[in-house]
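With the hints as constraints, model all of the structure from the sequences given.
Under my numbering, the first residue of the sequence shown carries the number 520, and numbering increases by one thereafter.
Note that these hints are calculated values from the structure, not bench results.
Hints are not guaranteed to be accurate.
Stated by the list, open to error - Simulated pairs of lysine to aspartate or glutamate, DMTMM-like, Cα-Cα distance not exceeding 20 angstroms: (1) K760 / D700; (2) K809 / D933; (3) K794 / E758; (4) K924 / D534; (5) K565 / E673; (6) K795 / D933; (7) K565 / D882; (8) K795 / E816; (9) K760 / D933; (10) K809 / E823; (11) K565 / E791; (12) K798 / E673; (13) K798 / E816; (14) K795 / D882.
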Amino acid sequence: MTNPLAQFAPLLNADLMAAALQQHLPECRAGDWQVTGCEIQHPRYKTYRLAENRERSFLSLVYHLRGRHPAAMTAEQRILYARAYLGQRSQQAYSEAQANGERAIHLAELGMVGWHFPDDPAMPWLAALMDSRQIAELEQRPISAIEIVNYRPEIRCTARYRFAAGETEPARVVYGKTYVDQRGRTVYQNLGLLQQQPSSVADFVMPQALAYAANCRTLWLDGLQGLALAAMDFTREVEAKLPVLVAALAAFHRLTPPPSLPTISLPQHLQEWRKKADKLSVAYPAQQAKLTALLSELGQTRPEFATLGLIHGDFHIDQLLVLADGRLALFDYDELTLGDPLQDLANFAADLYNYPYPVAVIDRLVQQLFTTYSANHNQTDPQRFVWHLRGQLLTRAYRCFIQQKSEAQQRVADFIALALRPWPLAE
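The following block contains the structure:
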């Protein structure tokens with residue numbers, strides 16, 4: 520069969536989809552709403568290695584739509600979660616959604632099944648969490664706004680709840696993070712255990728876990744106010760924050776891990792990287808020789824030993840907030856793991872190459888990151904760090920592939936080239 524990516528490509532063009540959804544959405548066809556703009560988030564491409572299974576490939580993504588009511592000309596934003604299928608498979612998927620009692624729509628001309636937020640096929644309780652009246656009754660105080668921070672359909676949704684000031688209470692911000700499963704309970708317990716340990720002003724500030732509501736699988740967190748580290752200038756402000764960041768990360772790695780955390784070993788990393796490289800080789804045959812060379816190098820240079828300890832598991836610049844007093848707040852404790860602390864450092868370093876700064880600038884930041892961490896931690900090994908960094912760059916290439924953002928093929932090639940190049944740290 521033809522390449523599924525080629526068939527899905529138009530669905531990843533925001534301008535094309537604004538026009539297509541205006542033509543095919545039921546509310547637009549009825550004249551009740553008009554699409555004026557479109558932004559695409561969280562595309563996920565599900566592919567299969569075997570040719571006979573490739574027709575089962577599908578694309579899921581979120582369309583953030585801007586629009587208005589034609590009569591009142593009232594501006595409004597809406598979120599549409601969609602799954603796109605090959606051939607006539609969307610009809611089967613739509614029939615299954617109807618049989619499950621889901622409020623889905625079928626955009627047959629686009630080969631899509633869609634759900635209007637907050638209707639989610641895996642989180643039916645999400646609608647209640649978006650009802651300001653119910654939330655106000657729960658908190659016994661008026662609510663001024665509910666804002667969607669991050670919505671990953673069928674996985675989780677984070678919302679910001681702004682409570683208005685009362686006669687005796689100041690205005691307040693609370694975050695609600697709801698999950699498809701009961702993971703929020705574990706995050707709530709782990710975060711509480713970490714916050715019970717002695718800390719200093721140099722450590723990361725952790726958001727206060729307020730409660731976990733099992734009925735709606737939601738973790739409630741107290742809001743923190745500050746400036747996103749990723750919004751700062753890399754060449755000046757971020758670089759100046761590296762000593763504070765690294766000292767806090769080293770202190771985080773010395774915390775006592777909560778019990779029963781999963782473990783990620785070096786052989787497990789290598790196994791996962793091999794799976795990613797296999798799929799990339801099928802999607803981009805021109806990269807196959809380079810991927811083979813990268814996997815060979817990762818296999819030959821795999822460290823024999825790493826001391827396992829508490830790691831964040833998803834440590835990157837978007838997880839950090841600079842507070843008014845200059846301290847750094849760290850968010851998102853979903854992926855806490857027992858692993859090699861250098862994984863966190865390499866994850867942060869690899870993610871920096873996603874930003875539109877010259878490679879030489881990022882190289883300098885990565886060098887400073889490792890040098891400063893080495894001075895704060897007594898378990899550093901440049902070869903082991905570079906091994907993790909190369910694997911994390913391969914992971915970034917894989918994410919570019921499954922997310923299919925603009926210029927995905929070139930970005931995949933760039934990340935593979937970065938992973939393959941000589942790294943002075945390893946010499």
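For each hint, the structure was consulted:
1. The suggested pairing of K760 with D700 is violated, with an alpha-carbon distance near 36 angstroms, which exceeds 20 angstroms.
2. Taking the CA atoms of K809 and D933, the gap is about 11 angstroms. The hint holds against a cut of 20 angstroms.
3. With a CA separation close to 35 angstroms, the supplied pair K794 and E758 exceeds the 20 angstroms bound.
4. For the given pair, K924 sits about 14 angstroms from D534 by alpha-carbon distance, which is consistent with the 20 angstroms threshold.
5. Only pairs whose Cα atoms come within 20 angstroms are accepted, and K565 paired with E673 is accepted, the gap being roughly 15 angstroms.
6. Our distance criterion of 20 angstroms between C-alpha atoms is met by K795 and D933, whose separation comes to about 16 angstroms.
7. Between K565 and D882 the CA atoms are separated by roughly 33 angstroms; this puts the pair beyond 20 angstroms, and the hint is violated.
8. Distance restraint check for K795 and E816: the Cα-Cα separation of roughly 15 angstroms lies within the 20 angstroms cut-off, and the hinted pair is therefore satisfied.
9. With a CA separation close to 27 angstroms, the supplied pair K760 and D933 exceeds the 20 angstroms bound.
10. Taking the CA atoms of K809 and E823, the gap is about 24 angstroms. The hint is violated against a cut of 20 angstroms.
11. A threshold of 20 angstroms between alpha carbons decides the hint, and for K565 with E791 the separation of about 16 angstroms falls inside it, so the pair holds.
12. Between the alpha carbons of K798 and E673 the distance comes to roughly 23 angstroms, so the proposed pair goes past 20 angstroms and is violated.
13. Annotation: proposed proximity of K798 to E816 holds, straight-line Cα distance about 18 angstroms (limit 20 angstroms).
14. At roughly 25 angstroms between alpha-carbon atoms, K795 and D882 are farther apart than 20 angstroms, so this suggested pair is violated.
Hints 1, 3, 7, 9, 10, 12 and 14, counting from the list given before, are not met by this structure.
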